[in-house]
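Here is what each chain is made of, one letter per residue.
2 protein chains.
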Amino acid sequence: MAASLLDQLMSSLRCLPGVGAKSAQRMAYHLLERDREGGRRLAAVMAKAMQQIGHCQRCRTLSEQELCQICSSKKRDSHLICVVETPSELAVIENSIDYRGHYFVLGGRLSPIDGIGPRELGLDLLAVRLEEGEIEEVILATNATVEGEVTARYIHDMADARGIKTTRIAQGVPMGGELEYIDGATLAHAFAGRSNF
Amino acid sequence: MAASLLDQLMSSLRCLPGVGAKSAQRMAYHLLERDREGGRRLAAVMAKAMQQIGHCQRCRTLSEQELCQICSSKKRDSHLICVVETPSELAVIENSIDYRGHYFVLGGRLSPIDGIGPRELGLDLLAVRLEEGEIEEVILATNATVEGEVTARYIHDMADARGIKTTRIAQGVPMGGELEYIDGATLAHAFAGRSNF
Ligand SMILES: [Zn+2]
Ligand SMILES: [Zn+2]
Numbered sequence: 001m002a003a004s005l006l007d008q009l010m011s012s013l014r015c016l017p018g019v020g021a022k023s024a025q026r027m028a029y030h031l032l033e034r035d036r037e038g039g040r041r042l043a044a045v046m047a048k049a050m051q052q053i054g055h056c057q058r059c060r061t062l063s064e065q066e067l068c069q070i071c072s073s074k075k076r077d078s079h080l081i082c083v084v085e086t087p088s089e090l091a092v093i094e095n096s097i098d099y100r101g102h103y104f105v106l107g108g109r110l111s112p113i114d115g116i117g118p119r120e121l122g123l124d125l126l127a128v129r130l131e132e133g134e135i136e137e138v139i140l141a142t143n144a145t146v147e148g149e150v151t152a153r154y155i156h157d158m159a160d161a162r163g164i165k166t167t168r169i170a171q172g173v174p175m176g177g178e179l180e181y182i183d184g185a186t187l188a189h190a191f192a193g194r195s196n197f
Numbered sequence: 001m002a003a004s005l006l007d008q009l010m011s012s013l014r015c016l017p018g019v020g021a022k023s024a025q026r027m028a029y030h031l032l033e034r035d036r037e038g039g040r041r042l043a044a045v046m047a048k049a050m051q052q053i054g055h056c057q058r059c060r061t062l063s064e065q066e067l068c069q070i071c072s073s074k075k076r077d078s079h080l081i082c083v084v085e086t087p088s089e090l091a092v093i094e095n096s097i098d099y100r101g102h103y104f105v106l107g108g109r110l111s112p113i114d115g116i117g118p119r120e121l122g123l124d125l126l127a128v129r130l131e132e133g134e135i136e137e138v139i140l141a142t143n144a145t146v147e148g149e150v151t152a153r154y155i156h157d158m159a160d161a162r163g164i165k166t167t168r169i170a171q172g173v174p175m176g177g178e179l180e181y182i183d184g185a186t187l188a189h190a191f192a193g194r195s196n197f
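Chains as they are written, first to last, in UniProt numbering: chain C, 1 to 197; chain S, 1 to 197.
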């Protein structure tokens, strides 16, 4: 016999991070017993989001349009580009400090053992940006992990070969820490204290 | 300007119990960056579940069919009916102890101040069951809260007026505790130690 819809709902909910069997069960019953309208709306928005949200063709962050709002804005400082690992880290920076430059989202960090090389991180696209001649400083905001450092070093070399300055956000970020979980004050400090790389 | 799909996804996720702004953000990025297939499947199953899962016409638990599997089974003891507040409490009992009788799901507890009276709990339907003449014992498994006790007392009176015995599951359940969060051993103990009500 096929699994009941209720069982299917509980097992599907477990694709959400931090949701185990117990929470999935609580969520399923909550929606069915107390908030079907919320469940319907969530299902519709989720389907649409999975379908329609792609990546910005210029900076690779999540975007519904070919170019994200930041890349298409004329008010951003085109001399400055900040390289982050993920779209959520871009959002953390955008929401917590007064950074007015552009971004480049790697979508990960160099990890040859996992088959993640320069191509997977879109570094050919970043190279095109560096060739355009507008960028004067690359802010390396990859995480303070071993792979994040290796990735920063690699991008430093790319920029250096083209005579472009790179800076690394200061280690106000705890060693091994993920940017996503850092508070705004720490992050502002790390940005202000960035040094040549 | 309309909220972006990403913002809509994050705010919709907050209809899930225990999910605040921070978790909703993490979930949205996780699905979009790492598990679109899981997100697509979850959205489809959720939409279908909200649409197709209704309530059993006999016991009022969640069911895709008019009659749930328990109500349509010929192997259950039709002399015994256990009254619980919610479908998830029914599931807890089903999954943790060897109970072979039937159920009745109230969908709440008497709370005049919130406009929840006997009709809202389907007690007219329960009365019909008691009139059928098969039931010999009503196990009252409402929660050990003030309203749960009032509800149990009310159902006891309904059964008593028809000469049917009622029992109350033992207070192995901590005062004010919700059945849903009790471990199986405690629950088995509470069932075994049930007393006349
Ligand atoms: Zn962009
Ligand atoms: Zn039923």
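Mixed in with the good hints there might be a few duds.
Short, incomplete list of chain S residues facing chain C, as computed with Cβ under 8 Å [what the hints assert, rightly or not]:
{"#": "1", "residue": "C15"}
{"#": "2", "residue": "H30"}
{"#": "3", "residue": "V45"}
{"#": "4", "residue": "P87"}
{"#": "5", "residue": "P118"}
Mimicking DSBU-like on lysine-lysine, the simulated pairs with C-alpha atoms at most 35 Å apart in a straight line are [as the list claims (entries may be wrong)]:
{"#": "6", "chain 1": "S", "residue 1": "K48", "chain 2": "S", "residue 2": "K22"}
{"#": "7", "chain 1": "C", "residue 1": "K22", "chain 2": "S", "residue 2": "K48"}
{"#": "8", "chain 1": "S", "residue 1": "K75", "chain 2": "C", "residue 2": "K22"}
{"#": "9", "chain 1": "C", "residue 1": "K48", "chain 2": "S", "residue 2": "K75"}
{"#": "10", "chain 1": "S", "residue 1": "K22", "chain 2": "C", "residue 2": "K22"}
{"#": "11", "chain 1": "C", "residue 1": "K74", "chain 2": "C", "residue 2": "K48"}
{"#": "12", "chain 1": "C", "residue 1": "K75", "chain 2": "C", "residue 2": "K165"}
{"#": "13", "chain 1": "S", "residue 1": "K165", "chain 2": "S", "residue 2": "K74"}
{"#": "14", "chain 1": "S", "residue 1": "K165", "chain 2": "S", "residue 2": "K75"}
{"#": "15", "chain 1": "C", "residue 1": "K165", "chain 2": "C", "residue 2": "K74"}
{"#": "16", "chain 1": "C", "residue 1": "K48", "chain 2": "C", "residue 2": "K75"}
{"#": "17", "chain 1": "S", "residue 1": "K165", "chain 2": "C", "residue 2": "K48"}
{"#": "18", "chain 1": "C", "residue 1": "K48", "chain 2": "C", "residue 2": "K22"}
{"#": "19", "chain 1": "S", "residue 1": "K75", "chain 2": "S", "residue 2": "K48"}
{"#": "20", "chain 1": "S", "residue 1": "K74", "chain 2": "S", "residue 2": "K48"}
{"#": "21", "chain 1": "S", "residue 1": "K22", "chain 2": "C", "residue 2": "K74"}
{"#": "22", "chain 1": "S", "residue 1": "K165", "chain 2": "C", "residue 2": "K75"}
{"#": "23", "chain 1": "C", "residue 1": "K22", "chain 2": "S", "residue 2": "K74"}
Beta-carbon label-pair distances, calculated as ranges [stated by the list, open to error]:
{"#": "24", "chain 1": "C", "residue 1": "G107", "chain 2": "S", "residue 2": "R41", "range": "30 to 36 Å"}
{"#": "25", "chain 1": "C", "residue 1": "Q69", "chain 2": "S", "residue 2": "S73", "range": "52 to 58 Å"}
{"#": "26", "chain 1": "C", "residue 1": "R119", "chain 2": "S", "residue 2": "R36", "range": "34 to 40 Å"}
{"#": "27", "chain 1": "C", "residue 1": "K165", "chain 2": "S", "residue 2": "A21", "range": "41 to 47 Å"}
{"#": "28", "chain 1": "C", "residue 1": "Q69", "chain 2": "S", "residue 2": "R41", "range": "39 to 45 Å"}
{"#": "29", "chain 1": "C", "residue 1": "E64", "chain 2": "S", "residue 2": "E134", "range": "24 to 30 Å"}
{"#": "30", "chain 1": "C", "residue 1": "T186", "chain 2": "S", "residue 2": "R41", "range": "33 to 39 Å"}
{"#": "31", "chain 1": "S", "residue 1": "A21", "chain 2": "C", "residue 2": "Q51", "range": "49 to 55 Å"}
{"#": "32", "chain 1": "S", "residue 1": "L67", "chain 2": "C", "residue 2": "T186", "range": "43 to 49 Å"}
{"#": "33", "chain 1": "C", "residue 1": "R119", "chain 2": "S", "residue 2": "S73", "range": "55 to 61 Å"}
Just so you know, the hints here were simulated from the structure itself, not pulled from any lab data.
Since this is a predicted model, take the numbers as computed values, not measurements.
Even glycine gets a Cβ: it sits at the ideal position worked out from N, Cα and C.
Quiz item: Which numbered hints turn out to be false for this structure?
Solution: 5, 9, 17, 22, 24, 26, 27, 28, 29, 31 and 32
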